[in-house]
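Novice: Residues per chain, in single letters:
There are 2 protein chains.
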Amino acid sequence: MTSPGSDRTEKQDHLSADGESLSAYMQRQAARVEAAFDRLFPAHWVMPDRLREAMRYSLDAGGKRMRPILVMAAAEAFGGDAEAALPVACAVELVHTYSLIHDDLPAMDNDDFRRGKPTNHRVFGEAMAILAGDGLLTHAFHMIADSGLPADRALAIVRELSEYAGPRGMVGGQAADIMGEQGVTGLAELEYIHLHKTSDLIVFSLRAGARVAGADEAGLAAVSKFGENIGLAFQIQDDVLDVIGQESKLGKATQSDIKGMKVTYPFFIGVERSIEKVRMLTEEGKKVLLSGHVPHPGRLLELADYLMRRDH
Amino acid sequence: MTSPGSDRTEKQDHLSADGESLSAYMQRQAARVEAAFDRLFPAHWVMPDRLREAMRYSLDAGGKRMRPILVMAAAEAFGGDAEAALPVACAVELVHTYSLIHDDLPAMDNDDFRRGKPTNHRVFGEAMAILAGDGLLTHAFHMIADSGLPADRALAIVRELSEYAGPRGMVGGQAADIMGEQGVTGLAELEYIHLHKTSDLIVFSLRAGARVAGADEAGLAAVSKFGENIGLAFQIQDDVLDVIGQESKLGKATQSDIKGMKVTYPFFIGVERSIEKVRMLTEEGKKVLLSGHVPHPGRLLELADYLMRRDH
Numbered sequence: 001m002t003s004p005g006s007d008r009t010e011k012q013d014h015l016s017a018d019g020e021s022l023s024a025y026m027q028r029q030a031a032r033v034e035a036a037f038d039r040l041f042p043a044h045w046v047m048p049d050r051l052r053e054a055m056r057y058s059l060d061a062g063g064k065r066m067r068p069i070l071v072m073a074a075a076e077a078f079g080g081d082a083e084a085a086l087p088v089a090c091a092v093e094l095v096h097t098y099s100l101i102h103d104d105l106p107a108m109d110n111d112d113f114r115r116g117k118p119t120n121h122r123v124f125g126e127a128m129a130i131l132a133g134d135g136l137l138t139h140a141f142h143m144i145a146d147s148g149l150p151a152d153r154a155l156a157i158v159r160e161l162s163e164y165a166g167p168r169g170m171v172g173g174q175a176a177d178i179m180g181e182q183g184v185t186g187l188a189e190l191e192y193i194h195l196h197k198t199s200d201l202i203v204f205s206l207r208a209g210a211r212v213a214g215a216d217e218a219g220l221a222a223v224s225k226f227g228e229n230i231g232l233a234f235q236i237q238d239d240v241l242d243v244i245g246q247e248s249k250l251g252k253a254t255q256s257d258i259k260g261m262k263v264t265y266p267f268f269i270g271v272e273r274s275i276e277k278v279r280m281l282t283e284e285g286k287k288v289l290l291s292g293h294v295p296h297p298g299r300l301l302e303l304a305d306y307l308m309r310r311d312h
Numbered sequence: 001m002t003s004p005g006s007d008r009t010e011k012q013d014h015l016s017a018d019g020e021s022l023s024a025y026m027q028r029q030a031a032r033v034e035a036a037f038d039r040l041f042p043a044h045w046v047m048p049d050r051l052r053e054a055m056r057y058s059l060d061a062g063g064k065r066m067r068p069i070l071v072m073a074a075a076e077a078f079g080g081d082a083e084a085a086l087p088v089a090c091a092v093e094l095v096h097t098y099s100l101i102h103d104d105l106p107a108m109d110n111d112d113f114r115r116g117k118p119t120n121h122r123v124f125g126e127a128m129a130i131l132a133g134d135g136l137l138t139h140a141f142h143m144i145a146d147s148g149l150p151a152d153r154a155l156a157i158v159r160e161l162s163e164y165a166g167p168r169g170m171v172g173g174q175a176a177d178i179m180g181e182q183g184v185t186g187l188a189e190l191e192y193i194h195l196h197k198t199s200d201l202i203v204f205s206l207r208a209g210a211r212v213a214g215a216d217e218a219g220l221a222a223v224s225k226f227g228e229n230i231g232l233a234f235q236i237q238d239d240v241l242d243v244i245g246q247e248s249k250l251g252k253a254t255q256s257d258i259k260g261m262k263v264t265y266p267f268f269i270g271v272e273r274s275i276e277k278v279r280m281l282t283e284e285g286k287k288v289l290l291s292g293h294v295p296h297p298g299r300l301l302e303l304a305d306y307l308m309r310r311d312h
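Line by line, the protein sequences are chains A and B.
The numbering used here applies: residue 1 is where the first sequence begins, and numbers increase by one.
The numbering used here applies: residue 1 is where the second sequence begins, and numbers increase by one.
Treat the hints loosely; a few may be bogus.
Copies of the same chain look alike in the list, so a pair counts if it works inside one copy or between any two.
Unchecked claim - Here are the computed lysine to any residue pairs in the SDA-like style, where the Cα-Cα straight-line distance is at most 20 angstroms:
#, residue 1, residue 2
1, Lys287, Pro42
2, Lys225, Trp45
3, Lys277, Gly125
4, Lys225, Ala31
5, Lys225, Val46
6, Lys225, Met66
7, Lys225, His44
Quick caveat, the hints were computed from the structure, so don't treat them as lab data.
Just need the whole structure built from these sequences, with the hints factored in.
Specialist: Below, the structure written as structure tokens:
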């Protein structure tokens, strides 16, 4: 629990990972998740082709697969197996993807492009995009129920997904966000939005991975605190990148939030202090991981640093 | 298993229900579900008021609470307790309500009124309506996970809800429906749409109630077949009512499907044959219930008759 002890833990995990670099690790885990999308639905399931295409289109639109990677890394941090966590990892990506499809809709953020590709409703129409989102969200729960995990463990994960992704979680954050666009927003409200719109699914990912590996309450509390911190850091970083980033780097229109009159962290406290806050949140998050309740925190520590540095 | 035996079972159940009429039974169970909506979310859950209002608005918009009643009646049909089935019964109503909110959206059916009240998006705006639907769907899984049922039983119900409400179930039916509006539809396609858009959630309701009460596979198969039949009958009845019904009776614009160029059963086989099909499907469904695998089928038989007769 002391600093030297913490350093030893970190170093030890680096070695235990057989010297695989973080980027190689991330690519390997992302490939695993993407391969699993090919067997997303049981073979005998009949459904309209167009719906299947619409769901698959957005799942295949890429990204770093950060949330599934966090699920698997968290399982490993508690001595568990990434393979056992794979169905839950995929479920999180389904939920994340549904939220992007619905967020992009004309009635919401009205985005035409995401990661350089036309958004779902631009390709499949609004009605099918709404249904593709509904289908992905619903199927996420099937993946957990069908994960092969012990029933009590799977059910606890279902319960938390519905909590962190639902009205008091991600959906609540999104609701606060659209209301914020219509008028007043203060820093406290902005933090509420970020915590729920972004952190909640990250916290869920870490807790679910930890649960797969049978983590105890102290372990779950540690990854929760870690997740809240890096989730908020992640989102503030997003705000910062939106202000100073270049269009080519992110593949989406920069300063779109400013154009759309969305208030961000840099709006309230400036870019410099925002960058400093990202650094502090990340450090605090890492410190919790090194409290002694997470047996193998190495990859999670690396991932925290990675998130803080991305696209800089 | 013979006809006389079946009659005895039906009569016996009538008596065991203390002579309570079907309409009194339905009112009592509906009131139970509606009372449960007051404690829908754990007290410490913080969420935007407007989101809470939007979800509650559509939950409170009424209806017969047919699906929750089917959950509780199915539990009782297997000797179970309606109270134990209540969380699952509420969950089904949440899913049904979410599907109505999303179906009514401008991009989908573009309905301004439902049961005489302005639709969700007309009151709260499209963005909030989408989120209210998302929130209700997500929270339905929480209600099941939090139901107090044994973990393996609750997980089996989660698994089936995600299947019957998801891409191969209700969402698939809805997707086929919006594609049908854009062009060709045959009777087979229409049956696919009805079976999934309507029957699947009814079948789920019956199976979930049966599962709460510990029904075996033969019992589950019996209520599934019953549910498919009365679900399809229910939808064909809807089509018929839409053609011959009166606006005042249903509280929504009649012939709206015809105006919207939607094809229906009467369109293909005429009103008379449609009415006959409703009767035949109902009778076949009732016959399966009397096969000996459902210990106390009385209320379910009454509900099947009620559904066939409604609004005539």
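Novice: If a hint holds in the structure, say so; if it doesn't, say that too.
Specialist: Status of each hint after checking the structure:
1. Lys287 <-> Pro42: neither (42 angstroms within a copy, 31 angstroms between copies)
2. Lys225 <-> Trp45: Between copies only: 18 angstroms across, 39 angstroms inside.
3. Lys277 <-> Gly125: neither (40 angstroms within a copy, 35 angstroms between copies)
4. Lys225 <-> Ala31: Neither: 28 angstroms inside a copy, 41 angstroms across copies.
5. Lys225 <-> Val46: between (42 angstroms within a copy, 18 angstroms between copies)
6. Lys225 <-> Met66: Intra 18 angstroms, inter 43 angstroms, cutoff 20 angstroms: intra-copy only.
7. Lys225 <-> His44: between (41 angstroms within a copy, 19 angstroms between copies)
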